[in-house]
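Engineer: Each chain is listed here by its residues.
Protein chains: 4
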Amino acid sequence: MEVQEQAVTNSRLTLLLEKFRRVRIQSVNLCKPLKSEDYVVQPIVDVSPPKWHLAHTTWFFEALVLETYNPDYKVFNSDYGYMFNSYYESVGERVLRPNRGFMTRPTIEDVMDYRRYINEQLEEFILTLNDDETRILDVLEIGLNHEQQHQELLLTDIKYILGHNPLFPVYSTELNATGNLSDTSNFLPVDEGLYEIGHQSNQFCYDNELGVHKVYLHNFEIMDRLVTNGEYLEFVEAGGYQDFQWWYSEAWDWVNQNEIKAPHYWHKVEGDWHSYTLQGFHKLNSSEPVTHISQYEADAFARWKGLRLPTEFEWEIACKLHSPEIANSSNFVEDKNFNPKIQPANNYQFYGDCWEWTNSAYLPYPYFKTDEGALGEYNGKFMINQMVLRGGSCATPRDHIRPTYRNFFNPHLRWQFTGIRLARHT
Amino acid sequence: MEVQEQAVTNSRLTLLLEKFRRVRIQSVNLCKPLKSEDYVVQPIVDVSPPKWHLAHTTWFFEALVLETYNPDYKVFNSDYGYMFNSYYESVGERVLRPNRGFMTRPTIEDVMDYRRYINEQLEEFILTLNDDETRILDVLEIGLNHEQQHQELLLTDIKYILGHNPLFPVYSTELNATGNLSDTSNFLPVDEGLYEIGHQSNQFCYDNELGVHKVYLHNFEIMDRLVTNGEYLEFVEAGGYQDFQWWYSEAWDWVNQNEIKAPHYWHKVEGDWHSYTLQGFHKLNSSEPVTHISQYEADAFARWKGLRLPTEFEWEIACKLHSPEIANSSNFVEDKNFNPKIQPANNYQFYGDCWEWTNSAYLPYPYFKTDEGALGEYNGKFMINQMVLRGGSCATPRDHIRPTYRNFFNPHLRWQFTGIRLARHT
Amino acid sequence: MEVQEQAVTNSRLTLLLEKFRRVRIQSVNLCKPLKSEDYVVQPIVDVSPPKWHLAHTTWFFEALVLETYNPDYKVFNSDYGYMFNSYYESVGERVLRPNRGFMTRPTIEDVMDYRRYINEQLEEFILTLNDDETRILDVLEIGLNHEQQHQELLLTDIKYILGHNPLFPVYSTELNATGNLSDTSNFLPVDEGLYEIGHQSNQFCYDNELGVHKVYLHNFEIMDRLVTNGEYLEFVEAGGYQDFQWWYSEAWDWVNQNEIKAPHYWHKVEGDWHSYTLQGFHKLNSSEPVTHISQYEADAFARWKGLRLPTEFEWEIACKLHSPEIANSSNFVEDKNFNPKIQPANNYQFYGDCWEWTNSAYLPYPYFKTDEGALGEYNGKFMINQMVLRGGSCATPRDHIRPTYRNFFNPHLRWQFTGIRLARHT
Amino acid sequence: MEVQEQAVTNSRLTLLLEKFRRVRIQSVNLCKPLKSEDYVVQPIVDVSPPKWHLAHTTWFFEALVLETYNPDYKVFNSDYGYMFNSYYESVGERVLRPNRGFMTRPTIEDVMDYRRYINEQLEEFILTLNDDETRILDVLEIGLNHEQQHQELLLTDIKYILGHNPLFPVYSTELNATGNLSDTSNFLPVDEGLYEIGHQSNQFCYDNELGVHKVYLHNFEIMDRLVTNGEYLEFVEAGGYQDFQWWYSEAWDWVNQNEIKAPHYWHKVEGDWHSYTLQGFHKLNSSEPVTHISQYEADAFARWKGLRLPTEFEWEIACKLHSPEIANSSNFVEDKNFNPKIQPANNYQFYGDCWEWTNSAYLPYPYFKTDEGALGEYNGKFMINQMVLRGGSCATPRDHIRPTYRNFFNPHLRWQFTGIRLARHT
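Line by line, the protein sequences are chains A, B, C and D. With positions in the first sequence counted from 1, the corresponding number in the numbering used here is that position plus 182. With positions in the second sequence counted from 1, the corresponding number in the numbering used here is that position plus 182. With positions in the third sequence counted from 1, the corresponding number in the numbering used here is that position plus 182. With positions in the fourth sequence counted from 1, the corresponding number in the numbering used here is that position plus 182.
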């Protein structure tokens, strides 16, 4: 990861301290609707216990800031190091493999104590710093972005835990505000030519966005909104999941081995399609964007429509051209819908609502370099067999997204708020 | 299961009501040291969440007594039926497979409400009955024995959950009272001859103890106490786990595939053997009975000693001859040691402390008949590929055990309080 | 294994030499219908390649006789030791795990050369011996019985390989001679009492038959023939495989996970049941004994009939009482039916046709002792989680079976010629 | 797949007929050193039995040419359709899943009869055609390219089968001709700029090479030969396989789970590295190109060297610029080395020797379209989670390769002749 120099009127320290307080409290707030029991479990390997997210993001500040840069720092609990280090490997014969989902201790109360202790220690430590200590401030900034990423996972993991409980518990009772759906989608054109890809401002970005470089795009156009539940339902009802011709060979195996018949969280009850959202179990809203689909499904749907997914480069240029700024109507975690929503026609939905699967593999940009040390493990080591997603979702913090942001997951995964935007050459 | 007629001075109803109150409160008491988080998880398939035990034993009374015999009964929550029925199979498209260890809801508070409701309903219902309604009283009695069995599992499952946590939480701070170990064990002789096996009194027993029948035993003798940690440690240190000649072929595969090197809960820390007990993480006490071993290990140890495990028939006859009554010093769950202990020489340890592996496969006795309906599933369907254990353990309720009681587990399992008594022909 | 002293008019050496020639040529004869390709594969872990059987039985004589007792012996090929030793564990870094079913070399021609070489060497060596060298003669005798056991496996493994080929190749065109089926089966009674179990003559037997001991049997009776395809078909058609009540809990899982719907080698084609036999693919003959069933299925069928499987002790005593001698009409491998057949009413089928599943676990007899050294591994180490079968089959050599012979397999296995005889208490 | 129009002096039919004879006989010739037993087995899922390759390539002509276009054609054996169709899914209840590696029948003799029959039928049929019947000629041409691809697999699968046999059989005794290795490798430069990617001539190519399009390349340079065993050995000896920092996260799991410590076919015997080649088991030749490595290993090695793998676009442009023609010294299957070799300095090794892993995911080019019908399944459905390889290998037919040819495999696979060429930005 690398951090560009900032031109700020306020001191960088002041801004970081403000963001630190805001981000740290937000993690706790997202857990307010949970019961103690909800914090513990790991139903699938991709989903971590909420308690683990709260502790792991805290451990990041403890290990990479306090233990590294504050010689006076006293460790809260020496066992927490290996329990909450996501990269942990066995360190000695006494230590049991801390299987995340079975660690009932420390309790959530203990973890909250841990958070409070680290918050106090860190604030105290920050007040001893000044703007020249760039490396420490960089690590702090990464820690905050790291915690924001975990907030998104926290929410999708909570959804998984509650959404696979036969009681279908309600997480939020706030109504999911939806706009009016423009009946038909239109296509936004982009002209053939040489474009620049990658992060260029002096704001924070991850190392995988750097290596600004030229990419040649051929004429194409791209949908001006996300694909809806109603549109996707046509594919389901047309037998899309039963016809091998729409699927990659390995996707077809996945469909059959897992008996996939619809997006995750969809259930057919007495002939009607329902879905579980964080507002509970409801009839499917056909105007809302389809979500919780794999890249396999996004690609199969595109083929069935005679279209295709955009590349990440097409997506980035279309976004920069047609939607350079984030609109107020865009739908992020702070808006508390916790679900993608219908947007006004001029919103275009490049930001928020759903992460958009591209047909680009997650690979290094030309001139890509990883950071030194532990922080260098952040992105580069995942650059194989994953596909790029763009644009953020309804679970992303509003100040965490930008046109150059590259998210990535294995193509079969569905527990994130993932959706579809289609493209075609012209 | 079958219930013999009782000759009681008190009404059977009165006794059942008393036992009902005692057994029901005991399940809750065993959970007192737990935190909410501890109630939820299922770290291995054999271990059920404590919450599930509390709810399942309650559901048993709801479904098999109240719903069956009380036409006025109103179900507490219709979803609980499939969530807490251990024999549940899918019932319709909306229902998700209720993976026990990931069901964070209902919370433990909800489950306690469920218990209270069923307790009240059941007490009310019992008061409408009389001693003639034999079938209902039989089912009630089975329900209480069923809950006592689950109390043992509850404790061993709690031990598994806490004992695999890197913090090694303490469940009980009461000291584990231990007597003086007689230095050498002696052998108790039994003469060759024809003996009767099976339950004969009019007290409660399970269906698998019935079918009183004759068995011819050849001369043998049997140890007058359980094998100790110290004795077992000699096997460990002599390389017993590295020498194939002591092991069944499939046991040898099990040792190697699972890298088994010592009993469960044993850990070598800086050269010294420790073990986790419900009192926490301590140095191994070499005088206490070895526990948490598989039948494979019990058998391998016996072969290494040039001895063998007794058959269940030898065990039953030796017990009836040499230890017909349960001594006060015997160690059951009510004694709150939660660990096998050293017994005075005249105790013989046939009851309590550790379930004793025999070399008998769990098979039906001659004339065995299963009960009608759902209760018939209780025992008979497990009579393949399991080995018999006898005598109860430190986690067994004192009034739950008898010389004819047949417990059974797959030979590789270790999470119960299992131990070793050796025998030989003479 | 242990060998009892013989009272022979001929020298033991002469008899062994005669048997040696007869047994060794029989292994080769059983392979005559095979093509080179058939010798190589191992479609499931239980089935070994025919080539491996031919080489492994040869290696047994090479390693345990020639290399052990003949100081002048020159090894045929030093690589064959670990390739054809069934107990092989890794011996050095160069050596690859010789996955039996993928070893295309040595070719079958090479293996035949190996057999010829060992035969010559062994005959030469035998001629240097005399009847006093008991240990060598004992090992030779075990080697011959070992090869006879492998002849049975050879035939069932060949059946598996050919019977899972879509072309259903024919192994033998000889007609499967069948007698007339007595319409109804009768029950043979056995009186309550104390009986002796185990091998008592001075003929060869395995160590697991020794430990002659007393067993008390309660009154019972046992069917006078095997269950037929027609009788078993009634169970299939009555939905026996769809009703959990007939099955052990683990058997029910096995039925569902493997989608078991009928005995192995049964196929329903256009509404009619067919089966593959070594004579090819034919309509099911409803009068012939049902075969290729697991102990699970045998037990489920018995329960459905309101009867039960006999114990191995009941079987042995009933056989000794009602069928002490092997009839000429009995059906063994030398009769070249390669399939169980209908027997005349007075044959009773205790010998040949099908191995009969009992409801006894394979456990040591009282006073059981294993042989010293490698031969001690023969039987004792399998005495867990297996069930006893009695009586031999149509793939057993006629001189290899006796009333005390104990065969054993895991209860789910079906590729042997296994069948059902029912019993009941009276 | 798509076939471009040809400008030929000879009739296209005549050329195809000549190629048909040449390609068909070559498949049989490659199998000459095999024994019947070698044709049968499938040791891992990626390796098919040689017999299957011979039959499947034949079935391709039978099903897609003769059965489709010749109304008079009589099928050779109706069972062969589902036995040798690589896309087979179950067709009715009688049919068993034809597990490729356990199908001992048809024998290799039967398969050779099948090949002869189809060859005769096809030659006869071709003689009835003329150059206007473009679609049939296109399918024929695809069939021949299809068989050439299977010839490469045939050879690598034979190597796998023989190379995992403890006897390490020799396939060819011809000496592996090697040139002199230039001590140091140099880098070939390519200037920044816009380049055209994709197949442009009127010769045959696959559909995945079409969609000629512009790609912008930044300044880079690329090695003028393949990485050698000696260079790779330095990585091995420096502990490259024990240091997580060189590996993708999923590659590190792969290394550890599979205990990977060196390239496939490397063995350390008494301190010295050896490798198995089709000439047998020999000391490692440090000057020859390293082969049988995964993309994971190629990437890890590149990182350890401070360099990187080229993209497929960089590779294609460098090849077209620096090595537009295939040299006589290049090493293909017809040269019978069956192993990559040392090349003269001016050869550059872009063609033959080893398939070169790129760091490009296998994705569609802009404007990519799949062919109609069954032939459309050829390439497009594999465009996920695979990496591109370029340049052909010592197992590729000389007339089968071109600069635009895109091969693809999952990044963990090693049984092909795969190697490394490094690149860097300048």
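Since the hints were made in silico from the structure, they are not lab data. A hint or two may mislead.
As the list makes no split between identical chains, a pair holds if one copy fits it or if it spans any two.
[What the hints assert, rightly or not] Heads up, simulated DSS-like pairs for lysine-lysine below, C-alpha to C-alpha not over 30 Å straight-line:
#1 Lys465 / Lys443
#2 Lys396 / Lys518
#3 Lys551 / Lys487
#4 Lys396 / Lys551
#5 Lys487 / Lys563
#6 Lys563 / Lys443
#7 Lys443 / Lys551
#8 Lys502 / Lys551
#9 Lys450 / Lys256
#10 Lys443 / Lys214
#11 Lys396 / Lys502
Engineer: Take the hints in turn and mark each one as holding or not.
Structural biologist: Hint by hint, here is what the structure shows:
In the homo-oligomer, the alpha carbons of Lys465 and Lys443 lie at most 30 Å apart inside one protomer (17 Å), although the nearest pairing across protomers, at 39 Å, exceeds that limit. Taking the shortest alpha-carbon separations for Lys396 and Lys518, neither the intra-copy value of 38 Å nor the inter-copy value of 44 Å comes in at or below 30 Å. For a Cα distance limit of 30 Å, the shortest separation of Lys551 from Lys487 across copies, 14 Å, qualifies, whereas the shortest one inside one copy, 39 Å, does not. Within a single copy, Lys396 and Lys551 get their C-alpha atoms as close as 17 Å, and across copies as close as 26 Å, so both meet the 30 Å cut-off.
When the C-alpha separation of Lys487 and Lys563 is checked against a cutoff of 30 Å, the pair qualifies only between copies, where the shortest distance is 17 Å, while the shortest distance within a copy is 35 Å. Taking the shortest alpha-carbon separations for Lys563 and Lys443, only the inter-copy value of 20 Å comes in at or below 30 Å, while the best intra-copy value is 33 Å. Only between protomers do Lys443 and Lys551 lie at most 30 Å apart by alpha-carbon distance; the minimum there is 27 Å, versus 41 Å within a single protomer. Both within a single protomer and between protomers do Lys502 and Lys551 lie at most 30 Å apart by alpha-carbon distance, with minima of 24 Å and 29 Å respectively.
In this assembly of identical chains, the alpha carbons of Lys450 and Lys256 lie at most 30 Å apart only when taken from different copies (29 Å versus 54 Å within one copy). In this homomeric assembly, Lys443 and Lys214 never come within 30 Å of each other (Cα to Cα): the closest approach is 33 Å inside a single copy and 45 Å across copies. Within a single copy, Lys396 and Lys502 get their C-alpha atoms as close as 15 Å, and across copies as close as 22 Å, so both meet the 30 Å cut-off.
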